[in-house]
Amino acid sequence: MPSASVLVVNADAGSQDGTPELFKQAAGPEYPTAFVQHLTGGGLPRPISLHALSESGVPGREHAFRAFFTVAGALEVKACIVVDANVRSLTPDWMDILLRPVIEKGVDYVAPLFRRAKYEGSLTNCIIYPLSRALYGKRMRYQTGGGYGFSGKLSSLYLAANVWEGEAARYGIDSWLTTVAVAEGCEVSQGFLGTKICDATLTGIDLSVLLAQAVGAVFHMMETYQDVWEGKRGSTPVPQFGPPYEQGSEGGPVNVERMVKGFQQGLRDLLPIWEIILAPETLEGILSLGLAEAEEFRFPAALWVQTIYDFALAYHEKALHRDHLLKSLTPLYLGRTASFVLETREGSPDDVERVIETLCETFENMKPYLTQRWRFS
Amino acid sequence: MSMLWQEAMLEAFRETTMRMAHLLPKILALLTFLALGLAVGWLVKVFLLRVLRAFRFDALCERFGLGSSLAKAGTMQSASNLVGRLAFWVVFLLFAVMGIDALDLTATANMMNAIIGFLPHMLAALLLLFFGILLANFIAEATLIATVNAQIQEARTIATFIRWGVLIFTVAMVLTQLGIAKEIVVSAFSITFGGVVLSLAIAVGLGGQSIAKDVLEERFHRRKVEQDEMSHI
Numbered sequence: 001m002p003s004a005s006v007l008v009v010n011a012d013a014g015s016q017d018g019t020p021e022l023f024k025q026a027a028g029p030e031y032p033t034a035f036v037q038h039l040t041g042g043g044l045p046r047p048i049s050l051h052a053l054s055e056s057g058v059p060g061r062e063h064a065f066r067a068f069f070t071v072a073g074a075l076e077v078k079a080c081i082v083v084d085a086n087v088r089s090l091t092p093d094w095m096d097i098l099l100r101p102v103i104e105k106g107v108d109y110v111a112p113l114f115r116r117a118k119y120e121g122s123l124t125n126c127i128i129y130p131l132s133r134a135l136y137g138k139r140m141r142y143q144t145g146g147g148y149g150f151s152g153k154l155s156s157l158y159l160a161a162n163v164w165e166g167e168a169a170r171y172g173i174d175s176w177l178t179t180v181a182v183a184e185g186c187e188v189s190q191g192f193l194g195t196k197i198c199d200a201t202l203t204g205i206d207l208s209v210l211l212a213q214a215v216g217a218v219f220h221m222m223e224t225y226q227d228v229w230e231g232k233r234g235s236t237p238v239p240q241f242g243p244p245y246e247q248g249s250e251g252g253p254v255n256v257e258r259m260v261k262g263f264q265q266g267l268r269d270l271l272p273i274w275e276i277i278l279a280p281e282t283l284e285g286i287l288s289l290g291l292a293e294a295e296e297f298r299f300p301a302a303l304w305v306q307t308i309y310d311f312a313l314a315y316h317e318k319a320l321h322r323d324h325l326l327k328s329l330t331p332l333y334l335g336r337t338a339s340f341v342l343e344t345r346e347g348s349p350d351d352v353e354r355v356i357e358t359l360c361e362t363f364e365n366m367k368p369y370l371t372q373r374w375r376f377s
Numbered sequence: 001m002s003m004l005w006q007e008a009m010l011e012a013f014r015e016t017t018m019r020m021a022h023l024l025p026k027i028l029a030l031l032t033f034l035a036l037g038l039a040v041g042w043l044v045k046v047f048l049l050r051v052l053r054a055f056r057f058d059a060l061c062e063r064f065g066l067g068s069s070l071a072k073a074g075t076m077q078s079a080s081n082l083v084g085r086l087a088f089w090v091v092f093l094l095f096a097v098m099g100i101d102a103l104d105l106t107a108t109a110n111m112m113n114a115i116i117g118f119l120p121h122m123l124a125a126l127l128l129l130f131f132g133i134l135l136a137n138f139i140a141e142a143t144l145i146a147t148v149n150a151q152i153q154e155a156r157t158i159a160t161f162i163r164w165g166v167l168i169f170t171v172a173m174v175l176t177q178l179g180i181a182k183e184i185v186v187s188a189f190s191i192t193f194g195g196v197v198l199s200l201a202i203a204v205g206l207g208g209q210s211i212a213k214d215v216l217e218e219r220f221h222r223r224k225v226e227q228d229e230m231s232h233i
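Protein chains in written order, with our numbering: chain A, 1 to 377; chain B, 1 to 233.
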């Protein structure tokens, strides 16, 4: 795009390792560059919660995005892309895949789509993708991080959205970027960016914290966009840019036995909590799973969908402290993931895709279970 | 003789009448205060119940596990009902105190002062108890979920231990607030708490040395395995 005027922005969360200098060097003299450390003068919520701070002690990723969108808004840009600092697999193609649909096809949002190993992104495949697809009717894979493409209109919409402070801010920006774009009726698409290689920043984060953040964001957005999703039925595919989507490799071994043990312990110890959250028929179905041996263990898709819908309803009704509610889903998630692995471990990555597709359809077909109860809660 | 008898009779009758005339308004005042206490107490109770229901107080207590604690304690009433009843009795007690005060009896004067002086302590103790139970349930629930997710087999024991720890601490604070055997409570609590910590330290240090070692090894080993496992997000 030689005729386009470009500004390269480094929205930095206060790193002390000479990033701005390296950044300027990499961009070269032909592109103007801008550096934003963080917003001041009312652009930030006060006080800033600890989890929102970067390692350097200044507001982190969310605030870097907010600063970037503010710059984009001030310049009235037509399109912008964001690339995460920890991505190592960035190639020049990414610019084309993330930017061209916005400039030439009138798309508002290009979400990243990566080649992943067979069982990578299990949380996304088991809950986030099927649930969001059933809710908002768009077949977005809800993979997060890496790189995004936005239209100027969408970046302004993000800035105005009530997601930067309060409960939504607790869940992290990647949890709601796609949901807001889809729910606000923007033109959404996906860009296949190949294999994602990045610095492992999530290492050491507890699974239950990760799950509470990701699922909590979807449940929170369900309350915000109740009017949007209640009437939606079925789902439609979204345009995809870049090379055709490919399945990933087999990936490493998965410790299924440990997952089943986690589920069984949850069944033994968290039953009083699940009794508050789950409908009696769902609980009955889950109780019957406790008797199965690890190798024979199966968590039926319909029961899993009912479980997730019950959790969404309990979250809506505030039946329990929300953080406890979300974290108590972890053993059930481990159970479902174990069942998913056992079901597909002899199959190819295509078979895994087919099982995910079946799960998505079950989520869509059982949506009336959710909507009917949601109205009366 | 008959004059003296007549005078004595008249004097006694006059004095009794005077005393009765003096006492009757006080008794009437007492009865009025009691009736007012019943009426105002009932009004306060109804008002409180409506306010608490409007703010979904019972749901809030359920979220913090107070409902189940009340059920375990054998109380079948909701938390808002209990607060309503408590408010009724506090208001009624206040009016009853005013009524008894109106009798102007020297024997009850000190007692009334003591009761009125004790009321703030009592309310503070009740609040402490309420929040203590909420805190105990909340922390125990959080611990249970965290330990189950970490796949620690003794999750329930740890959560129960923490619940009772907070509850014992709360009861000690409540008794201190009420001024009941302050020194004994503080000493008993210090001895119990110190004893539990010491016995735990000895148990882990001597008897459970290998278990502690296994737990730590498993914990760090598993962390390493987790890093090698699939990415969930």
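In case anyone wonders, no lab produced these hints; they're calculated from the structure.
Worth double-checking, as some hints may not be accurate.
Stated by the list, open to error - The calculated lysine-lysine pairs, modelled on DSS-like cross-linking and capped at a C-alpha distance of 30 angstroms, are:
| id | chain 1 | residue 1 | chain 2 | residue 2 |
| --- | --- | --- | --- | --- |
| 1 | A | K138 | A | K318 |
| 2 | A | K318 | B | K45 |
| 3 | A | K78 | A | K153 |
| 4 | A | K318 | A | K232 |
| 5 | B | K45 | A | K261 |
| 6 | A | K261 | A | K153 |
What you are looking at is a predicted structure, and each value in this text was computed from that prediction instead of being measured.
Against the structure, the hints:
1. Proximity of A:K138 to A:K318 is assessed by CA-CA distance (about 28 angstroms); at most 30 angstroms being required, the pair is judged to hold.
2. Distance restraint check for A:K318 and B:K45: the Cα-Cα separation of roughly 26 angstroms lies within the 30 angstroms cut-off, and the hinted pair is therefore satisfied.
3. Taken as a hint, the A:K78 and A:K153 pair is honoured in the structure, with Cα atoms around 8 angstroms apart against an allowance of 30 angstroms.
4. For a cut-off of 30 angstroms, the pair hint linking A:K318 to A:K232 stands: about 24 angstroms separates their Cα positions.
5. Of the pairs offered as hints, the one joining B:K45 and A:K261 is violated, with about 50 angstroms between alpha carbons and a cut-off of 30 angstroms exceeded.
6. For the proposed pair A:K261 and A:K153, the alpha carbon gap of about 48 angstroms is over 30 angstroms, so the pair is violated.
Taken one by one, the earlier hints fail for this structure at numbers 5 and 6, listed in ascending order.
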